[in-house]
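Protein sequence lines, in the order shown, are assigned to chains L and W.
Last residue of the first sequence: 279 (the numbering used here), numbering continuous.
Last residue of the second sequence: 144 (the numbering used here), numbering continuous.
Read the hints as simulated data drawn from the structure, not as lab findings.
Treat the hints with care, since some could be wrong.
As the list claims (entries may be wrong) - EDC-like, lysine to aspartate or glutamate: derived pairs with alpha carbons at most 20 Å apart:
#1 L:K7 with W:D106
#2 L:K129 with L:E206
#3 L:K7 with W:E25
#4 L:K129 with L:E79
#5 L:K7 with W:D86
The structure displayed is predicted, hence computed values, not measured ones.
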Amino acid sequence: MKFTPKEIQGNVNISTTHPLKEFFILLFGILGALLVIYLILGLVLDILVDRMPLGLENKLGILFKQRFESSKSLTPAEKEMQRIIDDFLPYMPATKYQFRVYIINQDKVSNAVAVPGGLILVYSGLFKDIQTENELAMILAHELGHFAHRDHLRGLGRGLVLAAISIVTFGADSAITQFLMDILITTDLRFSRKQEAAADKFALELLNKKYGHVAGATDYFEHIKDKKTLPRFFKFFSTHPLYPERITMLNEEIKNKCYQIKEKIPLNPIFKTGDVSH
Amino acid sequence: MQQLIDLLYFVVFVAVTYSVGTIVERSHYRKIEAEEKDYLNLPAVSSKEIENKDQIIAAEMVSGSVVISLDYFKRILAGLRKILGGRIKSYETLLDRGRREAILRMKKQARQIGADLILNMRFETSAIGQVTQRKNSIGCFEVLAYGTAVKLRK
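Please construct the entire structure, taking both the sequences and the accompanying hints into account.
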């Protein structure tokens, strides 16, 4: 037998599909599927959240409380905010929450957050932007609105769904997980802007009930709107409705409900001492 | 904002590694094809014996080994594919290049000792740098080709 060497044409061992084609089909297919799962689970959670027993929520809250309740006594500033909240309680729909305020010492952050279990975390940077008690009351009432609508749980639930999906599929901190998070989070944020607007309306009503007028309701947003101006493009990515929009919305609400504007109460000076947290 | 920047990094990184990976792969294939032509007269077969054993005047083991690594784009593509299952096409070219390069290196060694034929050729493939399931594992393969180079009586 004579062996004649021959050159082999073509290659049976490699697929002919273009890698980029495969990449885009897989990427958008998987993203689409995850988005559908995420939206469905989000809907389910919205239904379940209203039925979630307070006991379970308080258990969740303990996890957060342990982090923030390090010192036993409240600071004077915390006590003052606690007083404002306690004054709101008679005017609120009956609630089983035990609201607690904690100040977090971060002067660069001007924000307040509602956390499961009735915790309201206030970042110390907030006090630089407020001048009157009415403004502070508006912000705290806004957070109470989140509790009344149970938004804080929705956000938490959806966050958990999102984290669970990507951890199961890709592992905890793979590049793909973070990539997906970035994309999916934007749809979540858009949803929560509606909730922010609802909380604003709730706060306005509460303010009116307690003080008999709504002076100072828009002041905080007026103060910070110049600080945080974002290009129009980023509107989609912003959690809270942009400040000019919120001010317009609040002013319309004030007009529609015929709320009165009276004299503002000056802010307790302890918030301006620079030593508000533990 | 930070998310957008991260996303942009990711897209740029994937695009760059895809382009560079493709250029590297094409030039590797060109080199392989040219060398294969050059070694056509030195066949490597998987049979253990030849018909007329008396022809063999010398025999020696020869081996060629190559270590070849994934680019980032291929790894992302394989990561996506792993979720749904199926052929991991992005690894196919990688292993194909590895096997052919290993044969070529083995033939080079055989030619150096003046062999006419390689008998009983075998492959070994192993993943290296993946001792643990950590995400930073290197992701590369070693392909080893070995056989018995024989010199025939003319």
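- Message: Given the hinted pair K129 of chain L and E206 of chain L, is their Cα-Cα distance within 20 Å?
- Response: With a Cα-Cα distance of about 25 Å, the restraint between K129 of chain L and E206 of chain L is violated, given a limit of 20 Å.
- Holds or violated: K7 of chain L to D86 of chain W, with C-alpha atoms at most 20 Å apart: OK: K7 of chain L and D86 of chain W at ~19 Å, within 20 Å.
- Message: Please verify whether K7 of chain L and E25 of chain W have alpha carbons no more than 20 Å apart.
- Response: Holds, at roughly 14 Å.
- Task: Would you mind confirming whether the straight-line C-alpha gap from K129 of chain L to E79 of chain L stays at or under 20 Å?
- Result: Holds: K129 of chain L and E79 of chain L sit about 16 Å apart, inside 20 Å.
- Can the restraint linking K7 of chain L and D106 of chain W be considered satisfied, given a maximum Cα separation of 20 Å? 16 Å, holds
Hint compliance for this structure: hint 2 alone is broken.
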